[in-house]
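**Student:** With the hints as constraints, model all of the structure from the sequences given.
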Amino acid sequence: MDLDKIWGELGKEPVAGGLIKGQSQLKNVKSLHPLVDVRNNLRITNVWGIVISIGYIVLMMLYPYWQVLLGFSVVLTFNIVFIVQGIKLRKQIPRSVDAGHSMLQEMKMHHSAVTKWIDNQIYAARFVFPVAAASGFMMGGIWGSGKSLELLFTKPVFPISMIASAVVFSFAGIWLARKMFGISYKKFLDRLKENIDQLESQHSSEIS
Amino acid sequence: MAKELPQEKEFLQLVKQHERIIYKLVNVYAVDEEEKRDLIQEIMYQAWKGYAGFQGRSAFSTWLYRLSLNTIFTFRRKESRNGTKAGAVAAEPWQDEQANSSLEAKMLLKAIRELPELDRALISLHLDGYAHAEIAEVVGLTESNVRVRVHRIKKHLITTLNG
Chain A
1 MDLDKIWGEL
11 GKEPVAGGLI
21 KGQSQLKNVK
31 SLHPLVDVRN
41 NLRITNVWGI
51 VISIGYIVLM
61 MLYPYWQVLL
71 GFSVVLTFNI
81 VFIVQGIKLR
91 KQIPRSVDAG
101 HSMLQEMKMH
111 HSAVTKWIDN
121 QIYAARFVFP
131 VAAASGFMMG
141 GIWGSGKSLE
151 LLFTKPVFPI
161 SMIASAVVFS
171 FAGIWLARKM
181 FGISYKKFLD
191 RLKENIDQLE
201 SQHSSEIS
Chain B
209 MAKELPQEKE
219 FLQLVKQHER
229 IIYKLVNVYA
239 VDEEEKRDLI
249 QEIMYQAWKG
259 YAGFQGRSAF
269 STWLYRLSLN
279 TIFTFRRKES
289 RNGTKAGAVA
299 AEPWQDEQAN
309 SSLEAKMLLK
319 AIRELPELDR
329 ALISLHLDGY
339 AHAEIAEVVG
349 LTESNVRVRV
359 HRIKKHLITT
369 LNG
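Top to bottom, those sequences are chains A and B.
Residue numbers for the first sequence follow my numbering, beginning at 1 and rising by one.
Residue numbers for the second sequence follow my numbering, beginning at 209 and rising by one.
It is worth saying that the hints were derived from the structure and are not from the lab.
A quick note: this is a predicted structure, and the numbers were derived from the prediction, not measured.
It is possible that part of the hints are untrue.
[Said to hold, decoys possible] If you want a taste of the chain A side facing chain B, the calculated C-beta under 10 Å gives, among others:
1) W7
2) P14
3) I163
[Said to hold, decoys possible] No more than 20 Å apart at the CA atoms, straight line, and that leaves these computed lysine to aspartate or glutamate pairs for EDC-like:
4) A/K187 / B/E325
5) A/K12 / B/D336
6) B/K318 / B/E216
7) A/K12 / B/D240
8) A/K108 / B/E325
9) A/K30 / B/E241
10) A/K12 / B/E312
11) B/K318 / A/D98
12) B/K318 / A/D4
13) B/K318 / A/E9
14) A/K30 / B/D246
15) B/K244 / A/E13
16) A/K187 / B/D336
17) A/K30 / B/E216
18) B/K362 / A/D98
19) B/K257 / A/D98
20) B/K314 / A/E194
21) B/K318 / B/E241
22) B/K363 / A/D4
Don't be surprised by glycine CBs; every beta carbon is placed ideally from N, CA and C.
**Tutor:** Structure follows, in structure tokens:
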């Protein structure tokens, strides 16, 4: 049986409506690639990070209580660190698939970029969520009751509720973030890992 | 209608000349029409983005082949359309595809789709005439590994088609 000859018969007919034919179509083509997704998400996250940081500064000016200032200063510092990391990570991620790489190199690069981005987001959440929840709780307390923070802290229910809500919101937020990343990227990352492992195991079996 | 710039015109002409590479690979990795459309669109997008970096060190066909495979392997497929995994193609309407191809060609396509993803890339490259050394470079395996695997896959395909 001549497989090459049979194979040669395939691909003669256009598939799924065929290729992009003109410049106008070429200009409008949108990518659904995960790397493009990650780059876009990083851009959005970085812009929001800057907007939120400005928001923190405004809140610190409006509520100049040392507890609020301390909480938001910590969040602001982390926020700036994560914005810088986000900008660096985005710079490392290429804009398109590279035909100069082998499949193994390309898959490893994509796996690493998406994993780094997810880790970066979860890591940020671990630091930012608890402090943001506690600071928000204090601010809400002041705004809702019209009392000073010192007065609110005289009642034990306030600090206990603050810690409880910070813990609950942080765990819930991180759990939800993991869940969302899992829904969006787990199958994609698993498939990449499976193919990478297969290629690498053949390398190592040959060496041994 | 917008005027085509020389580079865009040249790119579209080159892709048109080598469209069979894209059609064959998309057929090997995707089953339903929507997934095929998404993959073709993605390959075209990536090819156009990467075309400026194509320096003619290899033939355009080789460059397009590599880019198509790298795109297919790093593309996130939707869960509901995951009918391209090995062993999950029993209910696909493969007989309706490639209407002008022989039954043998359709059966070969079906048999290739049932292979693991990496094996599909190896056999596609081999059947399109790439040498073992070239396949090794494209995939990231050693030449001897490619030789052994291609031999096994061919044997398996012949047994399947004859059975």
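**Student:** Going back to the hint list, which numbers does this structure go against?
**Tutor:** Structure breaks hints 3, 6, 11, 16, 18 and 20.
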